[in-house]
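Here the protein sequences come in this chain order: A and B.
Sequential numbering from 0 applies to the first sequence in numbering that gives the first Met the number 0.
Sequential numbering from 0 applies to the second sequence in numbering that gives the first Met the number 0.
These are computed hints drawn from the structure, not numbers from a lab.
Some clues are possibly wrong.
The calculated label-pair distances, taken between Cβ atoms and stated as ranges, are [what the hints assert, rightly or not]:
id	chain 1	residue 1	chain 2	residue 2	range
1	B	Ala-250	A	Asn-143	35 to 41 Å
2	B	Ala-30	A	Gln-86	56 to 62 Å
3	A	Tyr-27	B	Arg-12	34 to 40 Å
4	A	Ser-26	B	Val-129	32 to 38 Å
5	A	Asn-143	B	Val-5	31 to 37 Å
6	A	Glu-83	B	Val-210	42 to 48 Å
7	A	Ser-26	B	Arg-12	56 to 62 Å
8	A	Lys-30	B	Tyr-72	44 to 50 Å
9	B	Val-122	A	Ser-73	43 to 49 Å
10	B	Trp-110	A	Ser-70	25 to 31 Å
11	B	Val-5	A	Ile-231	38 to 44 Å
12	A	Gly-43	B	Pro-8	23 to 29 Å
Even glycine gets a Cβ: it sits at the ideal position worked out from N, Cα and C.
These are the residues of each chain, in order.
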Amino acid sequence: MFRYDAAGWGNDACDAFVIEARQLTKSYGEKVAVDDLTFTVRPGVVTGFLGPNGAGKSTTMRMILGLDAPSAGSVTVNGKPYAEHRQPLSEVGALLEARAVHTGRSARNHLRSMAATTGLGRRRVEDVIELVGLHDVASQRVGNFSLGMGQRLGIAAALLGDPKTLILDEPVNGLDPDGIRWIRNLLRGLADEGRTVFLSSHLMSEMALTADHVIVVGKGRLLRDQSMSDFIASESSDVVRVRSPQVRELEVLLTAEGAETASPVDGTLDVRGLLTDQIGTIAGRAGITLYELSTQAASLEEAYMAMTADSLDFRSASERGSATSSITDAA
Amino acid sequence: MSAGTVTRPVTIRRVIGSEWIKFWTLRSTVAVLAAAMVGMVGIALIIGFNTRHLSAGLDPEDSVQSATLQGYYLGQLLIGALGVLFVSGEYSTGMIRSTFAAVPRRLPVLWAKLLVFVTVTAVAMISMSVVAFVAAQSVIGQSRQSFSLSDPGVLRVVIGTGVYLTLIGAIGAALGWIIRSTPGALVAYVATILVIPVLFSTVLGDWGKEVAKFLPSEAGASFSTTLGHLTGLGPWTGLAVMVAWVLAGLAAASILLTRRDA
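Here chain B stands alone, though its shape is the one from the complex (with noise of 0.2 Å):
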């Protein structure tokens, strides 16, 4: 018997290398990652390049210090779509039966795939939120006054739009395991991030914006932008209320998965 055909035993490691490696092998996978990042230091570019000059039109918005980090808005689409895919995709093929197969315990693969997931999102999203607000600060600097990551608060809301659109990911792959099917996750996801923050702050009146504050998208955007409407809880309160909703997502997806059948 050949050294290579001898087995170990399962372990949180070995299964982490196993979903390193799933991560990386699909094209779909890559392709939504290279987007956000793509994405978030090309609007960053357009929105310096268009608010160059300060002029009497300019929306107060765009003059802030995260102005032109607001290239999340698409990269919590794309990269709450990796999250759901991630998880959802193996559903949806029937790749889930051979992962449980080779784990059957099953937590593992969830705490595997989590830690890929964020570590691969937080590097990318936070290097990336870099490198936008640095690119877009050196075209309006050319025009006007600009930010530097030095100036107050700035730091915080730079790193905090990558740690932001990781969380959001982990809300989305979260979703992928209590929903399991890919539209099905999607549509919630979209719902949870955009479509319920909406209902309750404009149709439900004052108490209505109350709970908003509390979503995870709210809570989420109050320490990692700067922008007027966006500021409900302070930044530390904030993060902290968005981390306890990601871990009520895995907490549920966890408890499900041990429960349901495969």
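If we strip away everything but chain A, and leave its shape as in the complex, we get (with noise of 0.2 Å):
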């Protein structure tokens, strides 16, 4: 349902399907939304577009379809401003965050309305209610609908003009766990057949597991615009857990050495920017006894929490984050 004729898909075409914003602003009298963007979303790919809820990504995604004018900057789609695409739905399907369907009319309806700007028939109008799984609930009112229901809605005006690109805002949003695998899918099959998959979300565990690339976002600026891999990375430093009668002893000779400590519990240490083998040899060689000398991954959630929290946050965040990478690195 998906292929694209082969003549469509040389290296040429492939450059030219891709959203590019180049300095994107918009600014709501003094409060800056989207603050001086530029990145490249590329086909092929499952791209995140992460941030915490009012970073601005809603913002950007109204921006790539023209909904919103920025204040500064531009952004264009497959190589246009959306709205001088000749047939727009097979260029972008968008899934925007709240429903962008009348409550009072049957899902068919709504499609079939949408459909008809360009030229699309009830055919395709019943491909992607089976597509998404609604054809039980397709002639219901949207306003029956949950949430899930209303998502998968969604999804299937996204993909009515078999859009080279897709935009999807919180996608998973309100689906249960067989529905989010089920659309991991679905965007894993668009992005590998050479689309552009371009997605929101504030969840950084979600994100991890769906998307190749990401774009992070905090107070409308960029942060990060790196492979997952990379980004998981140098975000992810671990923390050795260390266990002792002498704490307070051991704190001193680490911090000593560099490393940064925390005591969660009494005689507990978290200790950061050192290794497991370095701690033990400065126990070993101070005398001093430990119970418990073990490595715990840090949660990425937690990495992407202190980077978004506030853009002085994300400073020192990547400070500490590229400092720790460094030793682990140097070890």
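Could you fit the two chains together into a complex? Lean on the hints.
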């Protein structure tokens, strides 16, 4: 169903299947929602757009679709501003954050009205209804739909024009675990066919499973634009947990070696910046008894939270992140 | 790839097709239109029945050509609400984002909606106005002298009532585009057609009456009725003034539509 003609898939054509934002900025009076974002979303991979609520993800997606006009900068889809495409639904399929459907209309009629703008018939409407699994409820008013059914309808609408690019704002919201797995596989399949897939989420855990590439924003600013594996490598710093009757003495020694320490529970120390071997050696030399010496993987979620909590926090987090990784590398 | 999945360029014809589907697939839209049609005929029959005998106590307004078409008072509320809702319903539900994702140039949506709305209301309300008139006059004709469509001025007011309702609905649609919120646009609509004319003509003295004649509902009434108190302008001048209001509203709506964020 989602095969393109081979002719459409030369390298030249692929180069054009991108979303390109250049110094994209949106401000509402004093408040800057999107601040000088420059990024490129490439075809063939799933690109995650990650940031806490209010970071400017939805505003950016609305600007890509021409729903909001940028205050400065520009954004193009497949080489042109979205509004200049003559068959927009075959360029971009979009699922926007809140439901963008009249609640009084049935799912089928909603899709029919959208399909009609670009000459698609009932058959295509039935195809996408089948594809997202809404067949049994397609005649019901959308107002009666659960959140998950609403998301499926939004995805059906996004797929209508068999688009080269998909833009999905928080697509897993409201979906049950089966639905989440379904959409993950769907997006993976669409990207594997060479499409551009750009999806936002505020959940790091979801993104880590779905995206190959990640663009992280906080307070409207670009924080990261790198492959997911690099992002994970740079952000998950290991913590060593030490249990000892002489934590205070040990803490002094470890801090002197440049480690960061924290004591979550009495008699326990979380050490960042030193490996287990180094800590064991230091403790042995000083004759300190250890009950436990173990590596704990810090959650990516925490790293992401720290990074996006505040732009100032972001700076210190990134510095800390790179310091940790350089020690790891050296070891 | 099956033939059904090939997209074609967005044209005004296809956007009209889309708006046509949207109009007929909302229960609320169809119900309001049906209520306006039934109301027009029902009220005409009631007026005809109640005024079939000329008596001393009869209001002279109840014996003129357009007497039996006074259902337009109700009709203009319903058709105005229909015009407002056809547009503002897209904003209140978020549908507008899907609409503009499909038609990102936006203006074709405004014109297509207008065309669908004007066509449907004109056909429905002109035909109901004719039906209402003929039915009510046949009730009256059993007891006293009644009007027929061929009498002087009659065809103008009968068709004019349908035209008036169509144009006033277009003003509702323009307010929907401009204000975007359903309650806000409904309040603005009622203020425009009912409250402001009354304020001007009763509170502000003679110059207020002069201004009131040029307001859309008063100007429109001067060609769509023969009611005595509503004949400020000549019929054709009144029609021209009302059309000018509609065009001004649509011009404002289209400028705002292209400039504002959706």
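Here is how each hint holds up against the structure:
Range check, B/Ala-250 to A/Asn-143: about 39 Å between beta-carbon atoms, so the 35 to 41 Å window is met. About 35 Å separates the C-beta atoms of B/Ala-30 and A/Gln-86, a value inconsistent with the hinted range of 56 to 62 Å. Separation of A/Tyr-27 from B/Arg-12 is about 37 Å and conforms to the stated range, judged on CB atoms against 34 to 40 Å. The given range of 32 to 38 Å is broken by A/Ser-26 and B/Val-129, whose C-beta atoms sit roughly 56 Å from each other.
Checking the proposed 31 to 37 Å range against A/Asn-143 and B/Val-5 shows it holds: the Cβ atoms sit about 33 Å from each other. Between A/Glu-83 and B/Val-210, the C-beta spacing of about 45 Å keeps the proposed range 42 to 48 Å intact. Hint check: A/Ser-26 to B/Arg-12, Cβ distance near 39 Å, so the stated range 56 to 62 Å is violated. Between A/Lys-30 and B/Tyr-72 the beta carbons are some 47 Å apart, a value that agrees with the proposed interval 44 to 50 Å.
Against the hinted window of 43 to 49 Å, the Cβ-Cβ separation of B/Val-122 and A/Ser-73 comes to about 45 Å, which satisfies the hint. Roughly 29 Å separates the CB atoms of B/Trp-110 and A/Ser-70, a value that falls within the hinted 25 to 31 Å. The supplied range of 38 to 44 Å is met by B/Val-5 and A/Ile-231, whose beta-carbon atoms lie about 41 Å from each other. Separated by about 27 Å at the C-beta atoms, A/Gly-43 and B/Pro-8 satisfy the suggested range of 23 to 29 Å.
Violated hints for the displayed structure, listed by number in ascending order: 2, 4, 7.
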